[in-house]
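If you want the building blocks of each chain, they are given just below.
2 protein chains.
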Amino acid sequence: MGKDRISVGIIGFGTVGSGTARILLENRDVLSRRSGFDIALKRIADKDIARDRGLKVPDGVLTAKAEDVLNDPGIDIVVELVGGIHPAKDFILGAIRNRKHVVTANKALLATEGNEIFGEAEKKGVAVGFEASVAGGIPIIKVLREGLVANNITAIYGIINGTSNYILTKMTEEKVEFSEALSEAQRLGYAEADPTFDVEGVDSAHKLTILSSLAYGIPLSFNEVYKEGITNITPRDIEFAAELGYKVKLLAIAKEAGGEIEMRVHPTMIPGEYLISKVDGVFNAIYVEGDAVGSTLYYGRGAGDMPTGSAVVADIMDIGRSIFSGGAVRPVGFPVVGANRRIRKIEDVESMYYFRFSAMDQPGVLSRIAGILGGNNISIASVIQKGRRIGGSVPLVVLTHRAKEKDVLRSVREIDNLPVVSDKTMFIRVEAKEE
Amino acid sequence: MGKDRISVGIIGFGTVGSGTARILLENRDVLSRRSGFDIALKRIADKDIARDRGLKVPDGVLTAKAEDVLNDPGIDIVVELVGGIHPAKDFILGAIRNRKHVVTANKALLATEGNEIFGEAEKKGVAVGFEASVAGGIPIIKVLREGLVANNITAIYGIINGTSNYILTKMTEEKVEFSEALSEAQRLGYAEADPTFDVEGVDSAHKLTILSSLAYGIPLSFNEVYKEGITNITPRDIEFAAELGYKVKLLAIAKEAGGEIEMRVHPTMIPGEYLISKVDGVFNAIYVEGDAVGSTLYYGRGAGDMPTGSAVVADIMDIGRSIFSGGAVRPVGFPVVGANRRIRKIEDVESMYYFRFSAMDQPGVLSRIAGILGGNNISIASVIQKGRRIGGSVPLVVLTHRAKEKDVLRSVREIDNLPVVSDKTMFIRVEAKEE
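Protein chains in written order, with numbering that gives the first Met the number 0: chain A, 0 to 434; chain B, 0 to 434.
Source of the hints: derived by calculation from the structure; they are not laboratory data.
Treat the hints loosely; a few may be bogus.
Each pair may be met inside one copy or between any two copies, as identical chains are not told apart.
Keeping only pairs whose Cα atoms sit at most 27 angstroms apart, straight-line, the calculated DSS-like set for lysine-lysine is [what the hints assert, rightly or not]:
1. K174 with K55
2. K344 with K432
3. K405 with K423
4. K423 with K174
5. K123 with K2
6. K122 with K2
7. K432 with K277
8. K277 with K174
Given these sequences and hints, build the entire structure.
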């Protein structure tokens with residue numbers, strides 16, 4: 000047997016740091032009764048140790064120097080909750096160098112620098128826990144890596160950015176423009192002053208990078224994820240989607256198709272009867288399909304001090320259990336079992352599509368548009384044309400059967416050049432079982 | 000480090016046995032690349048080894064004798080998939096006696112005899128994996144025990160019997176009687192010839208026993224679970240529920256309330272906007288609320304060869320990892336950390352209630368019923384009274400605020416004795432945040 004007291008040091012006493020500290024202090028008793036070992040919160044480092052976090056921290060725990068955590072020989076697990084790339088990466092590499100296990104919630108860092116970090120951890124034989132890096136309190140990392148380990152994962156569809164989901168929900172329920180929903184999200188603290196990472200799909204892409212690596216055994220490949228945000232979505236599109244029986248969600252999608260892996264983040268229309276389309280507000284949900292288990296879904300809060308702290312502490316307990324049981328720690332990296340699998344370029348992705356064309360109110364427009372689509376191997380599934388004028392033109396809405404993205408892009412270029420088309424064409428990818 | 004080949008023997012080559020064997024054989028390669036060790040399916044024992052399961056099993060694996068699995072010194076993990084109490088219990092105890100780890104999907108056995116089984120396993124230092132015993136492929140055991148380990152669990156609401164959920168869904172969508180929906184379920188293979196365990200809540204209670212023990216650290220206490228099935232639910236009640244904005248589901252509920260634990264299985268009305276109320280057909284879902292993580296939900300197939308096999312193989316991989324890493328296996332039993340917590344009797348449970356009274360079409364009936372409810376501390380939240388006659392009487396539907404079950408039972412006795420009430424009162428507990 001190993002030790003029966005595990006000592007933890009936290010670097011970063013912000014939102015998630017406070018939640019983690021609160022759980023370790025307030026639930027210490029139940030944690031130790033469940034595990035058989037004790038978790039001691041030994042140090043918390045933060046540049047600002049004066050601010051009141053509404054939490055009673057024992058004397059001598061707080062320090063302004065990260066080194067007090069990194070170089071303390073008594074600390075077994077270093078929890079990095081600083082966020083961002085630097086100095087977070089240096090803290091993590093420093094901890095690994097000192098042969099300490101690491102727990103982090105830092106998806107941006109792992110998605111972009113994770114291959115190096117996991118490589119270093121492997122060399123030193125320490126664990127890097129990252130449950131909190133995706134979907135807050137939902138234990139999706141554990142689910143993918145252990146719960147569904149028996150499965151070849153066929154598809155992942157995730158609502159993994161609460162800010163975007165809140166904005167789309169508000170646009171749907173109150174028929175307001177993106178900008179108004181964003182302001183409200185900012186007012187409520189759901190969106191940052193610079194919302195780029197959230198609304199442009201970057202945050203979702205960080206998380207998708209991590210999920211895809213786990214699911215498909217590929218190296219972390221953030222740069223190969225296709226990213227498209229929600230800033231161009233209008234309440235008109237959401238309404239048309241509803242008329243067709245669909246909801247609009249910012250989905251992070253990973254799929255295996257023809258031996259290749261698709262990784263893409265973009266606004267997506269999904270049938271209103273799918274469970275994941277009913278996930279509203281700041282909540283997250285991840286739909287995972289495996290060859291044995293079939294359809295599964297995991298739902299919960301994707302952010303916040305306590306939900307994310309719940310995931311951080313789960314990692315601490317897992318690593319603690321390895322130390323306590325005296326066994327080797329779980330291999331920390333992503334077992335690269337499918338390294339030779341190609342990432343599919345977005346141009347080669349196949350999907351169904353929603354188009355909203357801004358057509359002049361003239362005869363023959365539909366036939367010209369349909370002609371271009373047909374000429375590019377895109378076949379129409381349904382059409383909505385109504386008298387509603389938007390800025391001098393009439394919206395013409397078309398839903399297609401499966402088509403190739405490159406054919407869609409070519410069609411849109413041709414159509415947008417038609418004199419009878421007055422504005423840029425809007426298109427949204429549609430994910431649904433084709434009838 | 001321990002061994003790098005783990006040998007498995009399966010007893011019971013039925014539905015789940017076939018699914019498990021199929022995954023071990025067909026996904027062997029990916030399993031070993033993910034884990035670093037190899038899982039060999041060494042023996043499969045079944046009384047009937049002649050029947051074709053549509054699966055190519057290597058020569059020498061099949062045997063008609065369970066002893067060939069139990070007594071094979073080369074087998075590390077025995078998978079019991081026979082079901083029922085005997086001889087399944089003897090197989091499991093035999094395996095433990097021979098210091099083999101055990102994996103089982105047998106909820107009935109664990110719920111009723113689990114304390115003994117886990118006690119024996121603890122003595123011998125072997126693991127008993129039971130992920131497959133609750134909710135098929137959904138890794139809810141792992142989620143509760145590891146993913147949410149940081150949390151005090153405040154509530155669990157589970158749709159964990161696919162048969163009942165299929166029947167209620169069909170009654171809701173097609174407005175048919177219970178008996179008709181049951182026949183259809185039987186025709187489709189979703190219900191057994193004797194459906195008692197499923198439709199009377201026994202199967203859900205078995206599973207709830209296991210979930211409650213994990214969540215609250217109490218011994219397995221099947222006999223203290225309140226059980227009520229769905230056989231009395233009528234399409235009228237489902238329709239009234241819909242008018243009030245509710246769905247009717249067979250829920251397995253575990254809650255902590257005032258230091259006591261509630262464990263109950265019964266038809267339940269839940270608001271139509273709750274995500275769990277949208278879980279239809281044979282699917283399962285478990286809503287888990289923790290003090291740190293807040294609301295979470297887990298959804299998937301609760302039965303079937305491959306989904307359940309997915310959970311069995313996840314357990315095999317977990318135990319294999321312990322053997323491979325050379326560490327102590329995870330403590331197998333339920334850490335009994337709350338053994339002194341009292342199970343609340345159903346009479347003491349508080350809930351909101353739906354009543355359907357069969358009132359004679361006479362003036363003053365509502366006031367007499369309301370008088371009895373008020374006299375028993377039950378306050379009315381809303382009333383539906385319509386002209387629809389059912390068998391000579393008019394249904395009077397009442398929704399209450401929170402009330403004690405014992406007051407409800409007393410009221411119903413008094414009301415059913417009224418001369419103006421022509422038939423037994425129907426009531427359904429309502430779970431919702433009270434406004």
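Open item on the list: Checking each numbered hint in turn, tell me which of them this model violates, lowest number first.
Closed with: Of the numbered hints given earlier, the structure breaks just one, which is hint 1.
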